[in-house]
Amino acid sequence: MATKTGSGDFVDNLGKVYGIYTGGFAAFVVLLAILEQVGVPNRWIGYLFVFFTLAVYAGIGVLSRTMQISEYYVAGRRVPAFYNGMATAADWMSGASFVGMAGSLYVLGYDGLAFVLGWTGGYVLVAVLVAPYLRKFGAYTVPDFLAARFGGHFARFIGIIVLFCCSFTYVTAQVYATGIIASRFLGMTFEVAVFVGLIGILLCSMLGGMRAVTWTQVAQYIVLIIAYLIPVVILSAQKYGVPIPQLMYGQALQEIAGLEQSLVSQGLADGAKLRPHITPFTDYDKANFFFLILCLMIGTASLPHILMRYFTTPSVRAARKSVGWSLLFIFLLYFTAPAYAAFAKLEVYQNVIGASLDSLPQWVYTYGQIGLMKVCGVDATTAAAVKEACLAAGRTDGLLHLRDLAINRDVIVIATPEIAGLPYVIAGLVAAGGLAAAMSTADGLLLAIANALSHDIYYKMVDPHASTARRLVVARILLILVAICAAWLASTKPADILSMVAWAFSLAAAGNFPALVLGVWWKRCTSQGAVAGMIAGFGVTLFYLLATRYGGMAEWWGVKNISAAIFGLPVGVIVMIVVSKMTPEPSQEMQDMIDDLRTPRGETVLDKVKA
Amino acid sequence: MASPDTSGYWDKTRTLMWITMAVWVFFGFIVHFFVGALNSVTILGFPLGFYMAAQGSLIAFVILIFWFSSRQDAIDREYGVAEDD
Chain A
76 MATKTGSGDF VDNLGKVYGI YTGGFAAFVV LLAILEQVGV PNRWIGYLFV FFTLAVYAGI
136 GVLSRTMQIS EYYVAGRRVP AFYNGMATAA DWMSGASFVG MAGSLYVLGY DGLAFVLGWT
196 GGYVLVAVLV APYLRKFGAY TVPDFLAARF GGHFARFIGI IVLFCCSFTY VTAQVYATGI
256 IASRFLGMTF EVAVFVGLIG ILLCSMLGGM RAVTWTQVAQ YIVLIIAYLI PVVILSAQKY
316 GVPIPQLMYG QALQEIAGLE QSLVSQGLAD GAKLRPHITP FTDYDKANFF FLILCLMIGT
376 ASLPHILMRY FTTPSVRAAR KSVGWSLLFI FLLYFTAPAY AAFAKLEVYQ NVIGASLDSL
436 PQWVYTYGQI GLMKVCGVDA TTAAAVKEAC LAAGRTDGLL HLRDLAINRD VIVIATPEIA
496 GLPYVIAGLV AAGGLAAAMS TADGLLLAIA NALSHDIYYK MVDPHASTAR RLVVARILLI
556 LVAICAAWLA STKPADILSM VAWAFSLAAA GNFPALVLGV WWKRCTSQGA VAGMIAGFGV
616 TLFYLLATRY GGMAEWWGVK NISAAIFGLP VGVIVMIVVS KMTPEPSQEM QDMIDDLRTP
676 RGETVLDKVK A
Chain B
3 MASPDTSGYW DKTRTLMWIT MAVWVFFGFI VHFFVGALNS VTILGFPLGF YMAAQGSLIA
63 FVILIFWFSS RQDAIDREYG VAEDD
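These protein sequence lines are chains A and B, in that order.
76 is the number of the first residue of the first sequence in my numbering; add one for each residue after it.
3 is the number of the first residue of the second sequence in my numbering; add one for each residue after it.
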């Protein structure tokens with residue numbers, strides 16, 4: 076077991092440790108590139124990539140094992156702001172962000188930027204309204220805070236329900252993404268790949284809890300950001316001679332606008348149906364665009380697996396700063412995603428649409444063979460298959476028209492190395508990056524769920540006298556059980572669960588945000604008010620989600636189901652204020668506690684209560 | 003209570019909160035109301051309205067958080083409630 080002084084040394088030497096790690100990773104990529112040149116088959120390059128990175132994460136997880144409660148739940152509160160920022164960024168950016176974000180931007184154009192804005196702007200709310208106060212409070216979990224501020228188990232229990240609803244579908248989707256990436260690059264069957272991914276995820280989190288997850292997430296962030304940037308940087312250098320895609324895709328946008336017009340004038344695209352890339356509000360109307368941004372931002376500031384990362388910093392000051400670092404590291408990926416989308420669209424408009432059906436670019440067939448590209452309604456496996464299908468669909472000119480092409484959103488990032496004509500090693504790197512993104516998010520979510528079950532339900536509600544060792548054993552058993560449930564569910568490929576992930580933001584926003592914010596910023600907020608507000612806000616949101624999706628209910632004023640919190644949030648806030656005003660003011664003791672919560676100096680509120 | 007002037011401290015903290023929130027609303031929402039008009043300006047190939055949603059606002063958010071945390075730290079120190087370095 077690592078001793079306390081041992082891990083202290085580790086924290087002092089973080090720069091060196093991760094510097095060497097990054098250098099080692101770069102050397103490893105170069106080594107694989109050399110192996111590829113001397114003729115090692117692609118499949119082996121893929122295996123080496125995935126197994127080497129998995130082994131490193133698992134190694135960090137095992138080295139960080141711990142038997143101390145505060146190490147297990149909050150990494151001993153010694154994670155420096157900068158590294159906590161990296162860990163949060165990895166925690167935040169899921170497999171879908173890594174693989175699917177650029178694809179959504181490709182399809183939606185300007186309207187897709189609602190996701191880019193919503194998933195970044197929320198951190199301002201985290202920094203200003205929530206994180207520093209939760210850090211000062213000194214809780215292990217978000218429901219822990221709700222219980223202390225709003226008097227007891229009822230508030231804790233609602234907090235756990237909200238946490239569970241927004242985290243479980245999310246973690247299932249991450250395990251699913253792990254399975255997809257592993258199966259695509261390693262050629263395993265999907266079901267096996269899911270369980271291989273699961274073992275990797277468990278090795279990172281089980282023995283060391285938050286401490287292990289923190290240090291693996293930093294390692295995973297480094298891999299994922301390198302993997303995301305390299306292909307598009309090379310592509311930008313090839314196309315425009317400047318390796319800064321984030322600046323150069325302005326030119327691509329101009330070329331896309333020109334091509335959009337010429338495709339229409341050549342009759343290759345339907346002018347009425349083509350939605351120009353930069354034109355706003357073509358997929359979402361104006362109201363839905365802004366509702367979506369608001370729900371995603373407030374959801375960000377309410378997701379338990381993100382908030383709990385700020386419990387690990389050494390001070391309140393570090394917690395605030397750490398939010399800034401988090402957003403900076405997230406920004407590096409999110410401001411690159413639109414460049415991927417623009418370069419891919421340019422490639423498709425230039426070289427694919429209008430090409431003769433006999434000679435589409437090779438990468439179209441590569442992805443058609445794994446079911447990700449469809450032409451005229453069939454998988455684009457070979458030139459002959461494509462030609463036949465298009466003839467049957469009544470295309471007689473032998474050219475590919477815009478509306479005959481259907482690209483799976485995941486292709487945009489994955490295919491970029493091939494579009495740029497790069498060696499396979501870069502594709503392997505992208506796979507390792509996607510895997511890191513999915514695993515790091517899964518780790519954080521699993522820990523959030525398992526900690527709520529072990530700390531909030533088992534320790535606080537079932538057996539408050541449990542010994543330290545017993546609590547840690549229970550925490551680990553629950554972690555494994557939750558992980559197995561998620562993996563089993565993911566292995567059934569549940570389409571519904573995957574589309575429900577988008578709900579997590581609305582559910583978290585309506586369930587947690589009003590209680591967290593008013594709990595800190597409004598002393599007059601009472602327990603009854605908070606509980607009533609959480610139930611009302613969460614209830615309205617859940618009702619809207621279920622009724623519009625399964626109940627056949629029409630959308631209220633055309634608000635899309637992904638922005639359901641637009642109804643739940645105001646209801647929650649109003650109920651919370653009205654009920655609080657109707658019930659007696661919180662006790663002097665509680666008001667003093669809130670004053671203490673607002674004062675950065677001194678020990679945590681919980682430690683003071685215990686002493 | 004850590005300091006005799008708790009209410010002065012909290013007043014300043016709250017003012018800073020509202021200022022930060024106002025900047026957040028501006029870059030998160032208000033700028034994008036005018037995307038149509040902004041798109042008539044082009045910089046380095048980017049229509050300005052598109053650029054603000056894809057990069058400009060994001061950069062503003064990052065700077066805003068670092069600015070906020072240094073301002074809040076200054077308030078903490080002024081009222082003697084900052085943690086020891």
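In short, the hints are calculated from the structure, not lab data.
Being a predicted model, the structure only gives us computed values, none of them experimental.
Careful, some of the hints might be misleading.
Think about it this way: if two alpha-carbon atoms lie no more than 20 Å apart in a straight line, the pair counts; the simulated EDC-like pairs of lysine to aspartate or glutamate are [stated by the list, open to error]: (1) B:K14 <-> A:D358; (2) A:K449 <-> A:E463; (3) A:K462 <-> A:D472; (4) B:K14 <-> B:E80; (5) A:K598 <-> A:D538; (6) A:K656 <-> A:E678; (7) A:K598 <-> A:D671; (8) B:K14 <-> A:D670; (9) A:K683 <-> A:D667; (10) A:K568 <-> A:E266; (11) A:K598 <-> B:D7; (12) A:K462 <-> A:E493; (13) A:K348 <-> A:D358; (14) A:K598 <-> B:D13; (15) A:K449 <-> A:D345; (16) B:K14 <-> A:E664; (17) A:K683 <-> A:E664; (18) A:K462 <-> A:D433; (19) A:K683 <-> B:E85; (20) A:K683 <-> B:D13; (21) A:K598 <-> A:E664.
Computed far set for chain B versus chain A, every beta-carbon distance over 10 Å [what the hints assert, rightly or not]: (22) G10; (23) V43; (24) E80.
Which bits of chain B does chain A cover? Going by a derived footprint, with three or more residues having C-beta under 8 Å, they are [what the hints assert, rightly or not]: (25) 29-37; (26) 49-57; (27) 61-71.
In this text, a Cβ means the ideal position worked out from N, Cα and C, and glycines have one as well.
To see whether the hints hold, each was checked on the structure:
Our distance criterion of 20 Å between C-alpha atoms is broken by B:K14 and A:D358, whose separation comes to about 43 Å. Note on A:K449 and A:E463: the hinted pairing holds, with a Cα-Cα distance of about 13 Å set against a maximum of 20 Å. Between A:K462 and A:D472, the direct Cα distance comes to roughly 11 Å. Compliance with the 20 Å bound is thereby established for this hinted pair. At roughly 10 Å between alpha-carbon atoms, B:K14 and B:E80 fall within 20 Å of each other, so this suggested pair holds.
A hinted pair counts as satisfied when its Cα atoms are at most 20 Å apart, and A:K598 with A:D538 does not qualify at roughly 31 Å. A distance of roughly 32 Å separates the Cα atoms of A:K656 and A:E678; the hinted pair therefore is violated under the 20 Å criterion. Between A:K598 and A:D671 the CA atoms are separated by roughly 12 Å; this keeps the pair inside 20 Å, and the hint holds. Pair hint B:K14 plus A:D670 holds up; C-alpha atoms about 14 Å apart against a cutoff of 20 Å.
A hinted pair counts as satisfied when its Cα atoms are at most 20 Å apart, and A:K683 with A:D667 qualifies at roughly 12 Å. A distance of roughly 9 Å separates the Cα atoms of A:K568 and A:E266; the hinted pair therefore holds under the 20 Å criterion. Only pairs whose Cα atoms come within 20 Å are accepted, and A:K598 paired with B:D7 is accepted, the gap being roughly 17 Å. With a C-alpha separation of about 23 Å, the suggested pairing of A:K462 with A:E493 is violated against the 20 Å cut-off.
Pair hint A:K348 plus A:D358 holds up; C-alpha atoms about 11 Å apart against a cutoff of 20 Å. Between A:K598 and B:D13 the CA atoms are separated by roughly 14 Å; this keeps the pair inside 20 Å, and the hint holds. With a C-alpha separation of about 19 Å, the suggested pair A:K449 and A:D345 falls inside the 20 Å cut-off, and the hint holds. About 24 Å separates the Cα atoms of B:K14 and A:E664, which puts this hinted pair outside 20 Å; it is violated.
Of the pairs offered as hints, the one joining A:K683 and A:E664 holds, with about 13 Å between alpha carbons and a cut-off of 20 Å not exceeded. For the suggested pair A:K462 and A:D433, the alpha carbons sit about 7 Å apart, so the restraint of at most 20 Å is met. The suggested pairing of A:K683 with B:E85 holds, with an alpha-carbon distance near 16 Å, which does not exceed 20 Å. Taking the CA atoms of A:K683 and B:D13, the gap is near 25 Å; set against the 20 Å cutoff, the hint is violated.
Proposed proximity of A:K598 and A:E664 is supported: the alpha carbons are some 11 Å apart, at most 20 Å. At the 10 Å boundary, the C-beta of B:G10 stays outside the reach of chain A, the nearest C-beta of that chain being 12 Å off. Consistency note on B:V43: stated as away from chain A, and its beta-carbon is indeed over 10 Å from all of that chain's, at 12 Å minimum. Every C-beta of chain A lies more than 10 Å from that of B:E80, the closest at about 12 Å, which supports listing it as non-interface.
Note: the segment 29-37 of chain B has 5 residues with beta-carbon separation from chain A under 8 Å; the three-residue rule is met and the coverage holds. A stretch counts as covered by a chain when three or more of its residues have a beta carbon under 8 Å from one of that chain; for the segment 49-57 of chain B and chain A the count is 7, and the coverage holds. Coverage of the segment 61-71 of chain B by chain A holds in this model, with 8 residues showing a Cβ closer than 8 Å to a Cβ of that chain against a need of three.
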